[in-house]
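Given chain A, put chains B, C, D and E with the ligands in place with the hints provided.
Protein chains in written order, with the working numbering: chain A, 7 to 532; chain B, 21 to 345; chain C, 66 to 416; chain D, 99 to 414; chain E, 8 to 314.
By construction, these hints were calculated from the structure, which means they are not laboratory data.
Model, not experiment: these values are computed from the prediction.
Don't be surprised by glycine CBs; every beta carbon is placed ideally from N, CA and C.
Treat the hints loosely; a few may be bogus.
Restraint ranges, calculated between C-beta atoms of paired labels, are given here [claimed, not checked]:
#, chain 1, residue 1, chain 2, residue 2, range
1, C, P183, D, A179, 39 to 49 Å
2, D, K180, B, S154, 54 to 64 Å
3, D, S184, C, D317, 46 to 56 Å
4, B, L326, A, G60, 41 to 51 Å
5, A, K243, E, P64, 58 to 68 Å
6, D, Y112, C, A318, 49 to 59 Å
7, D, K222, B, L136, 50 to 60 Å
8, C, R277, E, R205, 25 to 35 Å
9, C, V103, D, N352, 39 to 49 Å
10, D, Y112, E, P60, 46 to 56 Å
11, C, H226, D, T279, 21 to 31 Å
12, B, T40, A, R15, 52 to 62 Å
13, C, H226, D, E268, 36 to 46 Å
14, D, E228, C, V103, 35 to 45 Å
Residues of chain B clear of chain D, computed beta-carbon distances all greater than 10 Å [as the list claims (entries may be wrong)]:
#, residue
15, L33
16, Q87
17, F204
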Amino acid sequence: AGAAGDTSRDQLLTVPREDMGTFTRNFNPFSPKVGPMTKEAIYEPLMVHSPADGKDTPWLATKWEQAKDGRSITFTLRDGVKWSDGKPLTAADVVYTFGLQKKLLGGFDYLDKVTAPDAHTVTFAFNKPFSPSVYEIAGHFILPEHIWAKIKDPAKFTNPDPVGTGPYTKVEKFESQSFELRKNPSYWQPEKQHIAGLRLLAFSGNDSANLAFTNGEVDWTQSFVPDIEKSFVAKDKKHNHYWFPATGAMINWQLNTTKAPFDDPAVRKALSMAVDRDKITKVAMNGYANPADCTGLAGTYDSWRDASVVNSPSCDWTKHDVKAAAKALDAAGYKEKGGKRTLKNGKPFTLDISVGSASSDWISVANIIKQNLAEVGITANVKSPDWAAVQTTYDMGTFDSGIVWSGNGATPYEFYRGVMSTKVVQPVNKKATENYHRFGDKKADQLIDAFAAATDEKTQHAKADGLQKLFAEDAPVVPLFTGPEWGAYTDTRFTGWPTAQNPYATLSNRSVSTVLILTTLKPVRG
Amino acid sequence: MRLVLRNLGFYLLAFWASLTLNFLLPRFMPGDPVSRMFAQAQGSMRPDQIAQLQKLFGLDHRPLWEQYLGYVKSVFTGDLGISISRFPTPVSDVIGSQIGWTLLLGITALITAAVLGNLLGIVAAWRRGGFLDSAFPPLLVFVGSFPYFWLAMGALYLFGVTLGWFPLRHAYDVGLTPGLNGEFLSNVVSHLFLPALTIVLVSVGGWMLGMRNSMIATNAEDYITMAEAKGLSPSRIMFRYAARNAMLPSVTNFGMALGFMVGGALLTEVVFAYPGIGYQLLNAVQGLDYPLMQGIFLTITAAVLLANFIVDLVHVRLDPRVRVR
Amino acid sequence: MSEPVHLDESVHGDKPLLQVRGLTKEFQVGSVFSRRRVRAVGAVDFDLPKGRITALVGESGSGKSTIARCLIRLEQPTAGSVLLDGEDILRTERRRASRAYRRKVQMVFQDPFGSLNPVHRIEHFLTRALVLHGRPATRETLRELMETVGLTEDMLDSYPHELSGGQRQRVAIARALAVEPELILADEPTSMLDVSVRVGILNLMRRLRDERGISMLYITHDLGSARYLADTTLVMFAGELVEGGDSLAVMDAPAHPYTRLLLSAVPDPERAGGYDPVERARLREAVLHPTDCPYDDGSCSAETPVRHVVGEDAGQPHWVRCHLYAPAPDIAHRVLKTADTPDPEAENTPV
Amino acid sequence: MEPVLDVRHLRVEYRGDGRSVVGADDVSFSVGPGEIFGLAGESGCGKSTIANAVMRLLKPPAEITAGSVRFQGRDVLAMGAKELRSFRWREIAMVFQSAMNSLNPVLTIGEQLGDIFTTHEKLKRRAARERAGALLELVGIDPGRLKAYPHQLSGGMRQRVVIAMAVALEPRMLIMDEPTTALDVVVQQEIMAQIRDLQRDLGFSVLFITHDMSLMVELSDRMGVMYGGRLVELAPARELFAQPLHPYTEALMNAFPPLTGPRAELTGLFDAPRTADSCGFHVRCPADRADCSANIPDLREVAPGRWAALTGGGAR
Amino acid sequence: MTVTDAAVRPLAPPAGKKRSGRPGLGRRLLRNKKALSGAVLLAVFAALALLAPVLEPGDPSLINSTGGAAPSGAHWLGTTAKGQDVLALTLWGARSSLLVGATVGLAATAVALLIGLASAYFGRIVDDVLSLVTNIFLLIPGLPLLVILAAFLPPGTTTVVVVLVITGWAGSARVLRAQAKSIRGKDFVAASVVTGERPLRIMFREILPNMASVVMTTLLGCVIFGIGAQAGLEFLGLGDASVVSWGTNLYWAGNDGALMTGAWWAFVPSGLCIALVAFALAMVNYAVDEITNPRLRDRRSRKHKEA
Ligand SMILES: Nc1ncnc2c1ncn2[C@@H]1O[C@H](COP(=O)(O)OP(=O)(O)OP(=O)(O)O)[C@@H](O)[C@H]1O
Ligand SMILES: Nc1ncnc2c1ncn2[C@@H]1O[C@H](COP(=O)(O)OP(=O)(O)OP(=O)(O)O)[C@@H](O)[C@H]1O
Ligand SMILES: [Mg+2]
Ligand SMILES: [Mg+2]
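The following block holds chain A by itself, in its conformation from the complex (with noise of 0.2 Å):
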């Protein structure tokens, strides 16, 4: 039964791993390398938020309502839900869930209390006002109460054969190279089951799920695909397709701003101006990423930018201007003298870029920093050891710059919390676990804590509008491109996929709006 071709009506749907050479049978949504699909096609959230579109679809919950204090949720069940072995869904099995998940992994800080006042509703209490949870919580998967209550470890409970309430929870044929989910004959929507079942594939890399995917053995890949127009595209142009919406994390060259120069908010913005971004997004990048802008919200959060922030000179430093950067080095007080720059003590204007050496994509964007620094005269080093050992130079405070990732929510509170805060930032030699750069601003801390407690869009807005007036002055990190989500497919066996046209999902494979795609495509019929 090989995929290609097969338009029987029955054809399964086949999606690769390339991040998993071999599969071990392991369905508990805890595990943090869980078998793919767990969180997608077995378990399901209360409501899928989709960063395509931005748009909030109810799910297990039919709706929710903030309290007007923002200190509490409460969510209303939706009726005849079953698990996928035929026992109801009800709101002791979501008390339940968050229970197991503070006990297993923590987080939920701001979680007081999980109640369930009847059946169908269930209620979260917070300690202080918190909005941006909304999204953590009904994003949260569910697990049924009768099956894992029993459980002793739950985190050490391999799940072999899961029950949810997910479209596709039957596991079989399961080898270590590949198995497959099967419908769950119990699902709530059993009119959006249109396809017979999942694949999944191992792959050991990119380069062999690639080869798979170009040659139309699978259906649906977010793997990095190199020059996708000539190596899939080209070879069916009427199927193949490919869409990278931005939706990912900003990710930033990030300055540690406890060692001179960086201290500096000149000499970052300077360091900036420095930057090719197009560069980097269309070399590095493959162009499948957009530059970032002063904000730092460009693409991902592009409904929160404010105008008046964007389009002000101050919000220069973004863009690619090799002359204003060494004007601004010289009027910083770093001069240069024979194509090298010094440092105010005399000391060459040097710096090394760290990234993990798994990450190929961006030691060329540090490749091309330390090119487009070379133009200013400064001297960049691109040091590449294994992620653990940067990650530890990172933790600690250590290093000099780095190409870092940043935090992604719905909306910007993360990304702002993440570089900007005072909460977040530890002493150097303290272990740091976001906020490598350690930076903080007490007026950032303010509008960080009031966009938290607000309960209305507006007033989260106007407090986004004053953090990237902040940021844009301070310049914590140089933010460089948005992470795409990546994401191809060939619509030859099924259609239904999410475009740039009907964006109702990115074209991942492993986040929440995942289901939407698996709820949604048809098989062609052959």
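Using the frame of chain A, we list chains B, C, D and E with the ligands on its own:
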């Protein structure tokens, strides 16, 4: 018997040494698996999960020697811990489901290369200066000079993608149910062909040259002259007298080669997406999955040691002289 | 049964150069996991007198080379003492012999093809020997050395492979002579050489003794050459000395069954009639299975016997370790009178 | 009586890169039925070369460039591969210098003995084994040792096994190339006695090679002395021992210190080896043959049955 | 009759040329066809590596634009997906690859030599321990260990070298030990001891010169190993990706999907270079073996050898 025990002693010691090495290595590595995972997630993981994950994985904070004792004990009870990157699958499960393929690939390639190389070597030495002797060694040395992975990729694109003669990946076709039937087995063979071929191509030259030189040296021995003087037939002299003796160094090499084969298989597995533990090891290393890394390394080492031990036993059978020593 | 007699061979008035007492060497064979001990030499006693050549003969593997290697300190003996000028060098020089000792005792190896490093010129060997022992390596000294052993100066620039076996062995002797030793241990110095040049080397050794008064321990298989060259002959069998005495006396009137067997085996066209095969079979039996020795009249115990004196020649006792020979009291008495040093063998005899 | 082996003007060259070495030159001798013929001479004089040439065992770079080898009238040098295989061992067998190396270390004694019968007599394995056992008994080894590997036997036993192999097919002739050099005198003597017994029983001729003159004289009927690839003297053993004609033979005789009699100074061979312009002996030669300073002259019969490579004079 | 002309035995030293040692290994190698072709090939690569800055000035890894151009007059070997000139990358890559190969070769051989000599010279417990360690290193699967080690040392050429030396010395040590041990057993070593030479001098002045060909063989083997293993490590992404070497070239080619997009020119040159260098080294090695092992020497005439 004493020899066997002595060898067993050596192998146990070697195993202990690699066990210890294995224990120490990851503990000197910078960073920890959770931060590593966090770095890999690139923004999709929340920072506050780090401490929790560490708790979940049960990262050890006991004194080193206590960890060591616990480690040794658990290894000998067959407990290799729980994989971090595959949490919560036990390491032994991860390895168990894949080592078979690595062994299949490695051993097939090794045996093919050794048998083929040795035969070529025997014939080349016997027909000194003949076609086989003059044309083959440089050719095979040249082919053998290519890196495994390069040859593998070349073969994959040439025979797999362009010509379509062989499958491109995996140990057998997806959707096929493993079983001892002709269809499945032939499918496995067709998947095995290219990966094994690349390893054989790279290594066969070494076998041939080794055997050839060994044969030439043996041919100069007095007992060969004696056999000739006895009027034995050439084929009998070639195989029973010359090759049998010339083979002895090859037998020892065979054990040693197994270790190298695993290395070659590792690179080849990556290229052909062959579901063995080679690729898994690379992943474990990149994910700082100590338990899995240790488990795989230990399993490979144990397999190699075991194979060497068996080879030693075979050697004892083949060479009566070592029996007394 | 008579009392065992211990004697000291130093019947010549002056003290011997080297006194070996209870020298034992056990080898450990096998690897770390299976050590076994093999006794190559078991508690031998003998003296090497000044200015004389002592031959050590015996079958292959009887421990002759091992004795030489212990004396030159290439091996550390398991037990025993080696007295040089009354000082036990095994104790004073624990691990490795000092240069001072090697200045007095030198060695010539069996294989002249193997004992000269093929990568060096002849000059190197002599120069190193001279320099290491503080003698100036002038061209003059080198020439003298070469001439002493019957070589020409121009060979100094040659490589060993350019010389014949006999010439190489002469170089090896020259190297030993370079340090002006008092004793040279020669381990089968002629066995690897062509028959035709053997005599030349033997004659050279004789000359060195006669002209320079150098003592030698000549180890050999070849009884004829031992008789030709050595003043004293010691017969070794399975790690033990079984007979000893003046060379002519030992060869002409061998006492121990092993010595007799050895002599009977040497091809000698001039020997009248030779030994008869029956006698040889009896000897063989006696040697291979000493417990049912055909010569045993019941007085023989399984223990290794102590030395019995069977005669005296050229002022030396001719002794043998065999129960067949109860000591003739008068000889024993005469010899015992000259024995002035206490015999350490008394403590560690039968093994 | 027709000789068993007749070697005429045999010349063997070793062709190396550029220069070639003559291993044997113009060697002629014959061995009669039941005769023990000895070939003596120092190392490298060409003894083994001749033995190997007779068996056609020479491998490159050695090459027979002249002469003939006839065995019972058959031309050995003209034999084809197949004929050669049956000729070897059935007609003429050989005992090599070192028993340690001429036995295959990984096959049992029984297998190696049996090989001969399975090849030449087409016997089944079992029958071959039985014959092998009988052979072992012949040389005084317990047939139980058939299962032993060579290294499990002592040097003397191994050499006996090789001798047993050599007489397996009761060949007409046995070539023994220094069969006892590596052995103890005692063992050597026993082996030689054994050979003598076998020869008496089976009646084969022997080509016996050694450098030990005493041994040779004791054993052989007639002997030849080789020097530098050439025969320099050929005579009945006792006569040669009593009165060597060639100076080299004399020197050889003089190289073995006697076991009896007074200690007389031996001269041995003076260290004047062959060079391009000296055979090394002409200084000792009688005055009338000063013309041959470089070449060893051809053999000539100086007395009935006595041949020597001397140009003039004759017996001294 | 011409007996003596050819039958002269070289007993006396030749009268004329006094200083004739054995013909040197080097000279004999130059006379061997295999060795010569190998050496020439190596010399060419070494020259290209040295001249890279002259032939292709500037930073070879400069990222220009989206490239992927096929070979042409402007770029003889085409460009990579990032617009880097493949010829420049290949030439510059030779520098790192050859340097690493040579360093690894020398260092691993040196370690192996020290261990082998010490093991052979001192014998007994020293030998037991060193052999044990050697055998353990020999048995532990190399590449997996390499992968693990490479991952946990800081990246860079030094690390690669160190890691390769750690995993590469054992095989050579075994060979060298065996050889040294056989030489140790020779009488000339005992003779040196008796003469009073010090251990170090004996090891390096007496034993070592006799092992020249084996040392050479292991050295070449180690260089081959070094180049190949470095390429393997870098291909797996465990090397230093910011260094230009043949291994990283292949890594980037793989990353850019060179084969998938049909850009074979990004993939072939570096692999071929590795193979050619390894081949050249192997040929020299083969020749050394042939020269020093008389049994393997070419035979001129073998016509009349019967079956
Ligand atoms: N290094 C060693 N290790 C183990 N055993 C040894 C060693 N050297 C010698 N032996 C043993 O010690 C015994 C005596 O050996 P040795 O070399 O002294 O005999 P030998 O009388 O010199 O013999 P040969 O006449 O053959 O030279 C032999 O049995 C030998 O096997
Ligand atoms: N393979 C060879 N290549 C070149 N020359 C050789 C070869 N074998 C023998 N010779 C030469 O041929 C001559 C005769 O050698 P042969 O082996 O016949 O001597 P031999 O009398 O048997 O000596 P030994 O007593 O040492 O066995 C020697 O000078 C030797 O150098
Ligand atoms: Mg000895
Ligand atoms: Mg010979």
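To see whether the hints hold, each was checked on the structure:
For the pair P183/C and A179/D, the beta carbons lie near 40 Å from each other, so the given range of 39 to 49 Å is met. In this structure, K180/D and S154/B break the distance hint of 54 to 64 Å, their C-beta atoms being roughly 28 Å apart. S184/D and D317/C have their C-beta atoms about 54 Å apart, which keeps the hinted 46 to 56 Å range intact. For L326/B and G60/A, the hinted distance range of 41 to 51 Å is not satisfied, since their beta carbons lie about 59 Å from each other.
Distance hint check: the CB atoms of K243/A and P64/E are about 42 Å apart, inconsistent with the given range 58 to 68 Å. A beta carbon spacing of about 50 Å between Y112/D and A318/C agrees with the range 49 to 59 Å that was offered as a hint. Taking 50 to 60 Å as the suggested C-beta distance range, the pair K222/D and L136/B does not conform, at roughly 34 Å. A hinted range of 25 to 35 Å holds for the C-beta pair R277/C and R205/E, which are about 29 Å apart.
At about 41 Å, the beta-carbon gap between V103/C and N352/D stays in the expected band of 39 to 49 Å. Distance hint for Y112/D and P60/E: a CB-CB separation of about 55 Å, consistent with the stated range 46 to 56 Å. Between H226/C and T279/D, the C-beta spacing of about 23 Å keeps the proposed range 21 to 31 Å intact. Under the hint 52 to 62 Å, the C-beta atoms of T40/B and R15/A, about 59 Å apart, fit the expected range.
For H226/C and E268/D, the hinted distance range of 36 to 46 Å is satisfied, since their beta carbons lie about 45 Å from each other. At about 38 Å, the CB distance of E228/D to V103/C agrees with the hint of 35 to 45 Å. Non-interface status of L33/B relative to chain D is upheld: no Cβ of that chain comes within 10 Å, the nearest being about 28 Å off. For Q87/B, the shortest C-beta to C-beta distance to chain D comes to about 49 Å, beyond the 10 Å cut-off, and the non-interface label holds.
Under the 10 Å C-beta cut-off, the non-interface status given to F204/B relative to chain D holds; the minimum distance is some 41 Å.
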